[in-house]
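Engineer: Here is what each chain is made of, one letter per residue.
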Amino acid sequence: MPKATEISNDYVPVTYDPQYILMVNALKKYFPIKGGMVSKTVGWVKAVDGVTFNLKRGTTMGLVGESGCGKTTTGRTILRLSGEKSGGQVLFNGQEVYDLSKKEMRSLRTKMQIIFQDPFSSLSPRLPVGEIIGEAVREHGLVSKAEYNDYLDTVMSDCGLQAFHKDRYPHEFSGGQRQRICIARALALNPEFVVCDEPVSALDVSIQAQIINLLKDLQRKRDLTYLFISHDLSVVEHISDTVGVMYLGNLVEYGAKEDIFRNPLHPYTKALFSAIPVPDPKAKMNRIVLEGTIPSPANPPSGCKFHTRCANCMQRCKEEAPVQREVEPGHYVVCHLYDK
Amino acid sequence: MARKKPEGYLSAKESRKISRENRRITSELEKQRKRKKAPESEYLTQMRDIGNAVEFDNLHTYFFTDAGTVKSVDGVSFDIPIGKTVGVVGESGCGKSVTSLSLMQLLQRPQGQIVEGEIRLNLGDRAYDVAKMPYEKLQDLRGNFVSMIFQEPMTALNPVFRIGDQLEEVLELHNKDMSREEMKRRTIELLEMVGIANSEGVYKMFPHELSGGMRQRVVIAMALACNPRVIIADEPTTALDVTIQAQVLDLLRGLKEKINSSIMFITHDLGVIAEMADYVVVMYAGRVVEKGTTEEIFEHPAHPYTIGLMASKPVVGKQVEELYSIPGKVPNPIDMPNYCYFKDRCEMCLGKCEGEYPREISLSETHKVSCYRYDADETKGGNA
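First to last, the protein sequences are chains A and B.
Add 1006 to the 1-based position in the first sequence for the numbering used here, that's all there is to it.
Add 8 to the 1-based position in the second sequence for the numbering used here, that's all there is to it.
Quick caveat, the hints were computed from the structure, so don't treat them as lab data.
Honestly, I wouldn't trust all of these hints.
Dumping the calculated DSBU-like pairs for lysine-lysine here, alpha-carbon to alpha-carbon at most 35 Å [as the list claims (entries may be wrong)]:
| # | chain 1 | residue 1 | chain 2 | residue 2 |
| --- | --- | --- | --- | --- |
| 1 | B | 25 | A | 1172 |
| 2 | B | 79 | A | 1172 |
| 3 | B | 145 | B | 192 |
| 4 | A | 1288 | B | 264 |
| 5 | B | 44 | B | 140 |
Could you build all of it, start to finish, from the sequences and the hints given here?
Structural biologist: Written out as structure tokens, the structure is:
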């Protein structure tokens, strides 16, 4: 039986830089695999395995990758929504999120919010919309009782909902409207940082545009910072300032949107971008088709995790895991090809 | 038929009345369908153009619900030429899938019924009208002549049967004289054809042992089992990642060339359409608003809805400050207006739009659009 490996936890701690609202350093989140008669931990699913990035105030970072690569887990781990982290640091405004007590965490929750993927399952069917949006506002005592109703109306109208929607139930709304309710719920607490976990992938193209415009609009008005998780690269390019590409728990490339899209460096990023269908029948296709599928995160390949599918695989890639290095200013890549 | 109060409220009495009426209509239609011995002459028909594999002609598919009749497909006409791919685009609920299910006769019965129109299927030496065929006869065609690739590879496969058994079931049904060994050989050949390397192993596996992309390949293999002349692909890549999507699209393109069948490709991703299709059909609220070759649709979109749809999709490499979003929403399918369905959301309305639903106008031999902006004396408006 494989021995439950201890999680190695060697990283250089970062110091707080005030221009960044969020600093994520070598973040790890492993989920135990239970097995045997007594439910012993026999292995770990390395969902997030050393993710490092910084996020500037008022900007949007897009996080892309195939399903199962750990995008959502990264978002949830940053918000401390999935138990304890397995290693690394999450500094929110210079404060380590995982050091806070339950009470302190509770007050921090108003500052960081999440918009979930599926607007059909993330709203309670038994609560009226006003209650869904306002519950947390009341709980946290953000506004006085006298102002409560007016505050709710303002938030709802900001998100394109009308005041009379308050007494309705989620099933009475269409997908786009429900997503607006989810956004209103997150924004009612007046957060600084919002994780948007695939907010538009369940919606139709024309509704998608409405929601994306709404998110951008709200960002301008309220000076929000987004971590935008999506597998739709065209949406990510539209909304983000910086982009991170994830593969099997690792952030393989990360940098300004322009750098990433004009000059992708990592072989995986190149393949991913070449796979985007272009709505132009005359466009030439220069597609790099990746063979095979994403390996299991419970038993990732040795060395560079991408070497099993990489076109530029070298002997070294199979043995040694590459480290993140800055190839251009602000453009980081994890690949042996760019070692000097 | 739905007499409704302004807020859309139906009293129990009204609802009962509607459902009684519905039962009368649907049971009559069902009786027609369930006949054991229908003469062939009833559904024998003539293709308009012998070069087409399928012709949809003024198809009306309605759902008789207790809240009123939903006109899911309301006068759809288009052709699928032999050996070509026709892409059907539109928002969810616009009737894309119902059109394809009408061809397969897989509508939710007894509520869903084809009430008018013809679906002509070219069988080479003769042509059948699917809309009038009894179910019994259709069984021979379904999966054999016309087959379907479903949207969700996770739910399209039966979790309790092995992949090999599920594939062989199709072969067994349509080739009565095939031996066991032949069937197994054919199944493994099919799995190899869709690019599954470990075909002997996959033959014995259960669906849960495969990843999403692999499952979709199995579903495609199943659809190809009997060398169908027409393949309906209902959003075959929507549930997949971009990299896997690229693999599956490559595979479909290659297979089409290999077996020279026609594909009806349903999707809402304009990028995929541009890549796959020879002809594009744009649907809105149960009707075809525009159709033409892929070049025509993408280079000179004519209908305001098509233009809006293209502007609302962000494109990699093209930076815009704000995405265009089509205002308003799709009209209630139970209570369709009697003017152009898109009028309330259209930003290019003319005075004439008040009139009845616009007829189909030819911009070129293949390019057709249903919009008053292109009606005879109207000068061609600039593309917005």
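Engineer: None of the hints should be skipped; say for each whether it holds.
Structural biologist: Status of the hints after comparison with the structure:
About 33 Å separates the Cα atoms of residue 25 (chain B) and residue 1172 (chain A), which keeps this hinted pair within 35 Å; it holds. Taking the CA atoms of residue 79 (chain B) and residue 1172 (chain A), the gap is near 31 Å; set against the 35 Å cutoff, the hint holds. Of the supplied pair hints, the one linking residue 145 (chain B) and residue 192 (chain B) holds, its CA atoms being roughly 27 Å apart against a limit of 35 Å. For the hint linking residue 1288 (chain A) to residue 264 (chain B), the alpha-carbon distance of about 20 Å falls within 35 Å, and the restraint holds.
For the suggested pair residue 44 (chain B) and residue 140 (chain B), the alpha carbons sit about 13 Å apart, so the restraint of at most 35 Å is met.
Hint violations for this structure: none, all hints satisfied.
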